[in-house]
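**Q** As a plain string of letters, each chain reads:
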Amino acid sequence: MNLPLHAQLINLFAALLLLLAFAMLTQRRIRSLINLFALQGFVLVLSTAVVAYSTDQLHLYVSAGVTLGLKVLLLPWIMHHLIRALNVRWDVETTIDIPSTMLIGIVLVIFAFNLAAPISQFAGTITKSTLGIATACILLAFLMMITRRKAVSQVIGFLAMENGLFFAATSATYGMPMVVELGIALDVLVGTLIFGVFFFHIRETFESLDIHHLEKLKER
Amino acid sequence: MNVTGGSVFQVLQSVLVVLIAPLMLGWVNQCRAWLQNKSGAGIWQPYKVLNKLFHKDVVLAHGASPLFRATPYILFGCMWLAVGIVPVLATSLPFAPAADVIALVGLFALARVFVSLAGMDVGTSFGTLGARREMMIGFLAEPAMLMTLFTASLISQSTSLVTIVETLGQRELVIYPSMAFAAVAFLMVLLAENARIPIDNPATHLELTMIHEAMILEYSARHLALIEWATSLKLTAYVAIGIAIFVPWGIAAAGDWAALPLALAALALKLLAAGAGLALLETVSAKMRIFRAPEFLGTAFLLATLGMLTHFLLER
Chain V
1 MNLPLHAQLI
11 NLFAALLLLL
21 AFAMLTQRRI
31 RSLINLFALQ
41 GFVLVLSTAV
51 VAYSTDQLHL
61 YVSAGVTLGL
71 KVLLLPWIMH
81 HLIRALNVRW
91 DVETTIDIPS
101 TMLIGIVLVI
111 FAFNLAAPIS
121 QFAGTITKST
131 LGIATACILL
141 AFLMMITRRK
151 AVSQVIGFLA
161 MENGLFFAAT
171 SATYGMPMVV
181 ELGIALDVLV
191 GTLIFGVFFF
201 HIRETFESLD
211 IHHLEKLKER
Chain C
1001 MNVTGGSVFQ
1011 VLQSVLVVLI
1021 APLMLGWVNQ
1031 CRAWLQNKSG
1041 AGIWQPYKVL
1051 NKLFHKDVVL
1061 AHGASPLFRA
1071 TPYILFGCMW
1081 LAVGIVPVLA
1091 TSLPFAPAAD
1101 VIALVGLFAL
1111 ARVFVSLAGM
1121 DVGTSFGTLG
1131 ARREMMIGFL
1141 AEPAMLMTLF
1151 TASLISQSTS
1161 LVTIVETLGQ
1171 RELVIYPSMA
1181 FAAVAFLMVL
1191 LAENARIPID
1201 NPATHLELTM
1211 IHEAMILEYS
1221 ARHLALIEWA
1231 TSLKLTAYVA
1241 IGIAIFVPWG
1251 IAAAGDWAAL
1261 PLALAALALK
1271 LLAAGAGLAL
1281 LETVSAKMRI
1291 FRAPEFLGTA
1301 FLLATLGMLT
1311 HFLLER
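Chain order of the listed sequences is V and C.
Here the first sequence is numbered in this note's numbering, starting from 1 and rising by one per residue.
Here the second sequence is numbered in this note's numbering, starting from 1001 and rising by one per residue.
These are calculated hints, taken from the structure and not from any lab test.
On a predicted model such as this, the values are computed, not experimentally measured, just so you know.
In this text, a Cβ means the ideal position worked out from N, Cα and C, and glycines have one as well.
Heads up, a few of these hints could be off.
[What the hints assert, rightly or not] Computed spacing ranges between beta-carbons, pair by pair:
no. : chain 1 : residue 1 : chain 2 : residue 2 : range
1   : V       : Gly69     : C       : Gly1277   : 28 to 36 Å
2   : V       : Arg31     : C       : Gly1277   : 38 to 46 Å
3   : C       : Leu1206   : V       : Glu207    : 37 to 45 Å
4   : C       : Leu1260   : V       : Pro118    : 36 to 44 Å
5   : C       : Leu1281   : V       : Asp210    : 51 to 59 Å
6   : C       : Phe1139   : V       : Glu207    : 42 to 50 Å
7   : V       : Asp56     : C       : Leu1281   : 36 to 44 Å
8   : V       : Arg31     : C       : Met1136   : 24 to 32 Å
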């Protein structure tokens, strides 16, 4: 294998993203989960910057900057703030235990790699082999949303999924058009704010953030 | 490379590592003490302990079998052989073809079996308890270790550590993303196998939590000294394997006297850094319950597997 250095770097960052996705899947503490999410965002920024440098596309620098501001600084700050306001520092509860989750995660990764292999064969971009990892990150974030009971960790799963999608966009097509990217960034920000409001409502109604309670449709 | 040069290097490496292994342990303990705002016992403390233990008389339990007495020597022999095989200072040593990474893991397993048997030999409940826990940790850590080493083997197309070092360290620099996974997994296995903090506390004698200490509770004097020495050798051997796989730069070829000073300096620097890192890691993490250990080591195994998958995806 004789890839140029920037392609090697992108591959490395892709692997780190996958590693962090797994770390998030196994993390029990809510605060560490948020920090891991911020770290994942940071790796995303680095990989986007490297893609931008190697392909000489100015708008990718902008989207790396937006990612840095939004996903590394602002969103984790909002989440930490929310957690302090809600006064919740519990260990994350999962519906299935963590070793089983990891095994399912491995199966998902194999599935994603196989799914992406024929697609990336036809791709001409320098980052073609990372498409499998991006797909795996999305599926792992999905898995996290499914297996977590509490609303906060589900939202982090949702945001991590967006990270995966963003990485898929940069790796497959060197990023989406600027308008779309800004729109998504704004959506994520507003979505998190609305989720924050929802947290307070859920807690006021059920005195817990366990979304399990939402399944009951009775009037209280 | 001529045969005599290789032999001289082999002897040099084996003797050097045996002599500096307690120093490595002392350095880790000293760093831990500093990080906990204590003054610490000094980096020479393990030597003083060994000296003290060698001057005491052996007390043997009634009914201790020859196995019990032979185990310290077997353990020490296994670990010494292990540090002879791992390219610590130089590659292509005369011992190196004797064992590839799989045999090396087998060598550690052999030592573990004997320590566990000796722990059960005297028949105290602590020894049995420790032996069972050790075997549990061992059977979880071994596959993770093998998978980690296989990731490196896949890259260099060989299970021999020498070839791995030569592929990774002495050619042009290539970034292998799969090694990121392997490194994390290897670190977790290193902590578990050497009875370091998330799994076992090397400083504790609390009945409920000890694993390694429980097995060797019945040993005294020169037997205990050999076991302690072998423990520090094992730590050094694992760190050396980690260095050989993940940061192999600076390891000399056998018989190459010109590269020796550089290799020595690189080794000292890497061991210092590894010891400080280990101490930091142990300070910031808390010991986990024994029933969390399968989860910890399962994670290590899965990460190593992921490393292999990533290798097939990204590096072929």
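**Q** Are the hints correct? Go through all of them and say.
**A** Status of the hints after comparison with the structure:
1. Range check, Gly69 of chain V to Gly1277 of chain C: about 32 Å between beta-carbon atoms, so the 28 to 36 Å window is met.
2. A hinted range of 38 to 46 Å is violated for the C-beta pair Arg31 of chain V and Gly1277 of chain C, which are about 23 Å apart.
3. Hint check: Leu1206 of chain C to Glu207 of chain V, Cβ distance near 39 Å, so the stated range 37 to 45 Å holds.
4. Here the CB-CB span from Leu1260 of chain C to Pro118 of chain V is close to 52 Å, at odds with the stated 36 to 44 Å.
5. Checked against the hint of 51 to 59 Å, the C-beta distance between Leu1281 of chain C and Asp210 of chain V comes to roughly 34 Å, which is inconsistent with it.
6. A hinted range of 42 to 50 Å holds for the C-beta pair Phe1139 of chain C and Glu207 of chain V, which are about 45 Å apart.
7. Checked against the hint of 36 to 44 Å, the C-beta distance between Asp56 of chain V and Leu1281 of chain C comes to roughly 41 Å, which is consistent with it.
8. Separation of Arg31 of chain V from Met1136 of chain C is about 31 Å and conforms to the stated range, judged on CB atoms against 24 to 32 Å.
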